[in-house]
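*Asks:* Sequence:
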Amino acid sequence: MSRFSADTRLSAAQAIFALNAPRAHFKQATAILCGALLSPLASATEQPIDHSQHTEELSPTVITAIAPSSPLTIVTNPKDPRQPVPASDGGDYLKTIPGFALVRNGGTNGDPVLRGMFGSRLNILTNGGMILGACPGRMDAPTSYISPETYDKLTVIKGPQTVLWGPGASAGTILFDREPESFGELGTRVNASLLAGSNGRFDKLVDAAAGGPQGYIRVIGNTAHADDYRDGNNDTVPSRYDKWNGDVALGWTPDADTLLELTAGKGDGEARSAGRGMDGSQFKRESLGLRFEKSNLGEVLDKVEAQVYYNYADHVMDNYTLRTPSGTGMMAGPMASNVDRRTLGARIKATWRWADVQLISGIDAQTNEHRQRAAMGIDTYKDVPRNKDADFHNYGVFSELTWYAADRDRLISGARLDRASAKDFRQTIGSGKNPTADETRADTLPSGFVRYEHDLADSPTTLYAGLGHAERFPDYWELFSPKSGPVGSLNAFDSIKPEKTTQLDVGLQYKTQDLEAWVSGYVGEVHDYILFDYTPGMMGMTSRAENINARIMGGELGAAYNLTSHWKADATLAYAWGKDTTHDTALPQMPPLEARFGLTYSEDHWSAGALWRVVAAQNRIEQNKGNVVGKDYDKSPGFGVFSLNGAYRIDKHWKVSTGVDNLFGKAYAEHLNLAGNAGFGYPANDPQAINEPGRTFWTKVDMSF
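Residue 230 in the numbering used here sits at position 230 of the sequence shown; the count goes up by one each step and never skips.
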């Protein structure tokens with residue numbers, strides 16, 4: 001059986017979601033001390049790179065639009081400056097990609113939404129591992145713990161079109177990855193950035209590595225700070241935050257085809273939330289990971305990858321650290337709640353290659369436990385023991401196959417089977433006994449997809465169509481956060497069924513030297529869609545989870561055209577639509593139609609650009625229905641926001657970028673939004689959306705050696 005050529009191997013990797021993107025090249029530098037420390041180590045998995053022949057230069061542009069790199073897949077560098085103001089966390093970054101929105105609640109820690117789908121319908125991984133937030137209301141969404149600029153690559157796979165990265169993923173898969181370092185000879189490299197802006201914004205980042213042909217060590221540290229911002233009406237919005245992260249990676253390989261990497265990291269922060277009754281006074285993170293890769297194993301078995309990871313989130317919410325207790329109502333005095341989530345997971349997969357077939361198969365497993373404690377008074381919760389309330393397990397087996405049927409035809413398919421379980425450790429619910437105390441529920445859930453891709457013979461165009469099915473076990477927030485389950489049930493844990501999504505994705509991509517255009521559309525049926533009902537009752541506003549059936553559809557399109565050698569125009573459009581077919585009503589929490597128009601002028605070392613973001617009104621709502629974070633409480637008007645940016649590359653090591661977001665100081669609010677909390681002076685009985693920042697100036701300096 002013949003092996004793939006190098007070119008064919010690259011095409012295969014690009015077709016399988018760019019899993020084998022090339023490593024970054026770094027400038028050669030002498031490091032005698034590092035050589036003494038690292039001499040017993042070995043190089044990264046790729047052939048050693050002569051850094052003296054490969055010098056990366058900082059791009060003199062600000063990113064305003066991102067095109068897919070392959071069908072349904074977007075790959076981008078999260079270090080690149082982009083508009084709006086460079087992101088404070090993973091969710092902030094994702095909202096700049098067409099199809100994404102954010103459930104907003106202030107300056108940071110918004111919850112990402114893709115095509116109107118939210119929560120565990122999105123698999124979000126960092127370096128192949130999953131971190132899960134602990135707050136019952138998702139104040140600490142997984143992206144809250146992600147600083148995007150500390151990663152080398154962001155991959156987004158839309159729809160149920162991969163099975164490699166864990167269960168569920170009915171809406172999409174999001175991968176934040178750090179690439180292994182590769183030094184051809186002893187050397188170092190340093191990347192750093194500094195960001196300053198309106199409302200006290202001040203971020204710092206250092207990302208440094210040292211190594212040689214026998215190994216490397218990488219150290220990353222960043223801090224991010226912002227004060228309360230002012231909206232377009234010049235009113236102050238409670239939104240200040242402080243965050244920090246520190247990570248280290250040590251890589252070792254006994255030969256050029258083997259990598260063993262150990263990673264460790266910590267982080268913490270605090271954030272005021274205008275849309276919540278408490279603020280986040282602690283976002284503590286601990287991470288450990290170990291991965292092994294072995295390539296070029298034989299004629300058929302090409303690669304084996306294995307990893308184990310540990311992530312821990314310890315989150316504190318209170319109403320006294322970042323605000324003053326209201327003195328009235330349920331939140332009159334100081335109080336705090338401390339929740340934590342410990343996640344342990346592992347994955348092993350192998351890649352086989354034949355003349356026209358590639359197969360990736362493996363197994364994965366994950367377990368996580370959730371604990372909580374709470375108390376009245378300042379910091380009195382620290383004297384209260386933690387109580388475990390939930391424990392989850394998932395074991396999965398998966399395979400993904402690519403068949404190169406002809407020169408211009410590819411068939412990609414995948415299947416996985418998961419065994420998921422959860423145990424309820426709560427002895428009481430509210431003031432009564434928990435009817436499901438110490439009970440365990442479990443399900444066996446199949447998922448799969450098939451996608452056909454065809455390159456036209458006489459046109460640089462790729463057409464594709466994919467059909468996917470994903471079955472998703474209810475997550476912690478759907479089983480434990482609601483006050484009740486469907487009418488007549490014991491509680492949500494007892495009765496909420498797994499969600500089943502079947503979706504058709506179609507589209508095309510066109511790319512020439514001057515024009516790049518793409519369009520993607522989807523239509524899906526969701527059986528047992530998990531919906532939250534916040535309808536007021538005799539005991540006030542309570543949350544109830546239920547299963548419904550839903551229909552979803554929408555899509556994204558975009559184009560970028562080089563008008564001249566210096567001028568470039570780009571435009572994107574994204575739309576999501578949903579219907580609750582059980583009740584014949586609108587599916588709530590759907591983002592409105594959104595368009596972005598960009599125009600850029602660039603020379604060799606500098607650029608200037610403009611971005612006009614236009615969002616339509618959203619009149620299709622279902623009042624008091626939504627998810628664990630937000631609900632539809634009112635229709636929202638449309639708006640348009642105009643922004644300017646510029647960048648100048650001083651030399652190959654230094655770049656300055658700057659911008660002004662919301663140039664005209666527009667007062668506006670996003671549709672997906674928490675209502676302002678009464679503790680900050682917002683109306684208690686008349687929900688009012690939280691306005692976005694007004695005119696915002698920012699400047700970012702990047703350095704690379």
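It should be emphasised that the hints constitute simulated quantities derived from the structure, not laboratory data.
It should be emphasised that the depicted structure is a prediction, and the values quoted were computed from it without experimental measurement.
Beta carbons are placed, not taken as given, at the ideal position from N, Cα and C, and that holds for glycine.
Treat the hints loosely; a few may be bogus.
[Claimed, not checked] Capping the alpha-carbon separation at 27 Å, the derived lysine-lysine pairs in BS3-like fashion look like this:
| # | residue 1 | residue 2 |
| --- | --- | --- |
| 1 | Lys-294 | Lys-349 |
| 2 | Lys-388 | Lys-266 |
| 3 | Lys-294 | Lys-204 |
| 4 | Lys-483 | Lys-388 |
| 5 | Lys-382 | Lys-483 |
| 6 | Lys-511 | Lys-95 |
| 7 | Lys-349 | Lys-433 |
| 8 | Lys-388 | Lys-153 |
| 9 | Lys-497 | Lys-382 |
[Said to hold, decoys possible] Each pair of labels, with its calculated beta carbon distance range:
| # | residue 1 | residue 2 | range |
| --- | --- | --- | --- |
| 10 | Asn-234 | Ala-684 | 22 to 32 Å |
| 11 | Asp-634 | Asp-494 | 28 to 38 Å |
| 12 | Leu-463 | Val-219 | 20 to 30 Å |
| 13 | Pro-460 | Ser-565 | 17 to 27 Å |
*Asks:* State for each hint whether it applies.
*Replies:* Now for the hints, and whether the structure bears them out:
{"no.": "1", "hint": "Lys-294 x Lys-349", "verdict": "holds, 11 Å"}
{"no.": "2", "hint": "Lys-388 x Lys-266", "verdict": "holds, 23 Å"}
{"no.": "3", "hint": "Lys-294 x Lys-204", "verdict": "violated, 36 Å"}
{"no.": "4", "hint": "Lys-483 x Lys-388", "verdict": "holds, 18 Å"}
{"no.": "5", "hint": "Lys-382 x Lys-483", "verdict": "holds, 26 Å"}
{"no.": "6", "hint": "Lys-511 x Lys-95", "verdict": "holds, 24 Å"}
{"no.": "7", "hint": "Lys-349 x Lys-433", "verdict": "violated, 44 Å"}
{"no.": "8", "hint": "Lys-388 x Lys-153", "verdict": "violated, 36 Å"}
{"no.": "9", "hint": "Lys-497 x Lys-382", "verdict": "violated, 36 Å"}
{"no.": "10", "hint": "Asn-234 x Ala-684: 22 to 32 Å", "verdict": "holds, 24 Å"}
{"no.": "11", "hint": "Asp-634 x Asp-494: 28 to 38 Å", "verdict": "holds, 33 Å"}
{"no.": "12", "hint": "Leu-463 x Val-219: 20 to 30 Å", "verdict": "violated, 45 Å"}
{"no.": "13", "hint": "Pro-460 x Ser-565: 17 to 27 Å", "verdict": "holds, 20 Å"}
Violated hints, listed in ascending order, are 3, 7, 8, 9 and 12; each of the other numbered hints is respected by the structure.
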